[in-house]
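For chain A, the structure is supplied; the task is to place chain B on it using the hints.
As they're listed, the protein sequences go chains A and B. Quick note on this note's numbering: the first sequence kicks off at 4 and runs consecutively. Quick note on this note's numbering: the second sequence kicks off at 4 and runs consecutively.
All the given hints hold, so there is nothing to weed out.
Any copy will do: because identical chains look the same in the list, a pair fits if it lies in one copy or spans two.
35 angstroms max Cα-Cα, derived DSBU-like pairs, lysine-lysine:
1) 88 to 230
2) 119 to 230
3) 271 to 92
4) 150 to 175
5) 88 to 225
6) 88 to 274
7) 115 to 225
8) 175 to 271
9) 115 to 150
10) 211 to 175
11) 211 to 230
12) 271 to 150
13) 225 to 274
Worth flagging that the hints you see were computed from the coordinates, not collected in a lab. Please read all numbers here as calculations on a predicted model, not as lab measurements.
One-letter residues, chain by chain:
2 protein chains.
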Amino acid sequence: MSQNTLPIGIFDSGVGGLTVYRALHDRLPNEHFIYLGDTARVPYGTKSLATVERYAIENSQFLASRGIKLLVVACNTASALALPKIREKIGLDVVGVIGPGGRKAVELTRGKERPKIGVIATEATVASNAYYEAIRRASDSAEVLQKGCPLFVPLAEEGWTSEPETYSIAAKYLEAMKEFHPDALVLGCTHYPILREVIQQTVGEDVKLIDSGEATAEEVEKLLIEKGLSNPARHAGERHLCDDLDHFYVTDAAERFAHVAERFLGAKPSKLEAIEVYGVDELRQKPER
Amino acid sequence: MSQNTLPIGIFDSGVGGLTVYRALHDRLPNEHFIYLGDTARVPYGTKSLATVERYAIENSQFLASRGIKLLVVACNTASALALPKIREKIGLDVVGVIGPGGRKAVELTRGKERPKIGVIATEATVASNAYYEAIRRASDSAEVLQKGCPLFVPLAEEGWTSEPETYSIAAKYLEAMKEFHPDALVLGCTHYPILREVIQQTVGEDVKLIDSGEATAEEVEKLLIEKGLSNPARHAGERHLCDDLDHFYVTDAAERFAHVAERFLGAKPSKLEAIEVYGVDELRQKPER
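So here's chain A without its partners, still in its complex pose (with noise of 0.2 angstroms):
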């Protein structure tokens, strides 16, 4: 099989990368998609450096040994944490959310002198320090505030995108934001663009929102074609979300990721199933008996 007709990997501490396998999926329908929701050790938000890095190359090396041509953290926290582990451990090209995020951000505001880059993301990505980095890597002018939003991501899963108290609470996490008046804005949580709309609103029309999954399929699409990767492939049909050309594993609670998969994309996974992942490196390394 040659590497072009390899599905893309694509690992989240859950649910959240959906949006980012969304963003993929629109973007180059020619691919198709591994996809490995570590649910049983969500969030990662809330854990240390060391298991953060632990999970996220026990999640790259199940992915890697299914056979994918390239890989996509869509996980937040483990592009801020522990991208460079992962590429130590695997031959394979890697892909965080976190720099192009934050590259996109300041490519659209260019002409600026200074321009004003505001990151909301949850409160470990925000202490990480990731996102004003990659800013600051990419324009060195740029004024960066951040601001975790822990609700957002029990709001977004509740399914809470337009009441009432989830404006409330967006605008009160978001009024230090409101004043800073950012040029761009990046939601830089997976669970951020389903509160879209709320966020817009709140910050005013004018701010740009930055879907971080968005600007990774972007530059994933760049480095398929620079590689020579991308996959000829013309499917007979329409290309549909979780169609069964795709493959969705879970760590655990299948049942509850569907739900929330039908509520962030508006369809469940056609192939789904809930795996361990723990000490694939082990196994893999053992003879067989």
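Using the frame of chain A, we list chain B on its own:
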């Protein structure tokens, strides 16, 4: 060392069990405690039966290996799903929070011909029907209404105990409960006592709120007396929550745990250690090297 002077073990999926620790500490000032918060694998509420059992057994074995005279399972999900397996694996008295919470509700509504009892909990606890069954075992005439309130946990951890958004979300979740107008309402999640005020005001001052942690502390007191296991020691000075007679372990992110502990209890643990509990059983069975 006599059994009596051994500590009581408490485990929870994370930080919520601190409300159960507080209840035990307040009622049993002669006892000391070992608390394990499985912060690396929190939350349990969205995980499968097999996974929750495995985690619960690992936690129980860790605490048993430190020398305890009794085990309290503070986590509602683990109490609902894993008590039989834990009892099978460790040779100690094990007390969960669901039986005591359910029995207390029935006790407080005694005299009513058809007591009406409400239960609010995580979606997993509600789906397990464990409170419903505990209540019906104690009173086969009780009418029970259960309701999952997923946002209460992140609201409690965020410390939003009197924000208007919290009242508004509570009003939404508890609309049918208010109409049901229970005689007693069980706070069936360790986090919910932190939002006690909001919940009381929302359902009405005449509804008796039952803190499962407090009900559990009462039953633990009775059990210690019955088994002759009470600690006779009178501590020289006054005891304080989180003082150095109590030992806290977490499986990850000790700093965040200390932070939320302060929010919940008004004090940070004096003795707090991060440890691993994975495969404690296997490790103990290996010969020492």
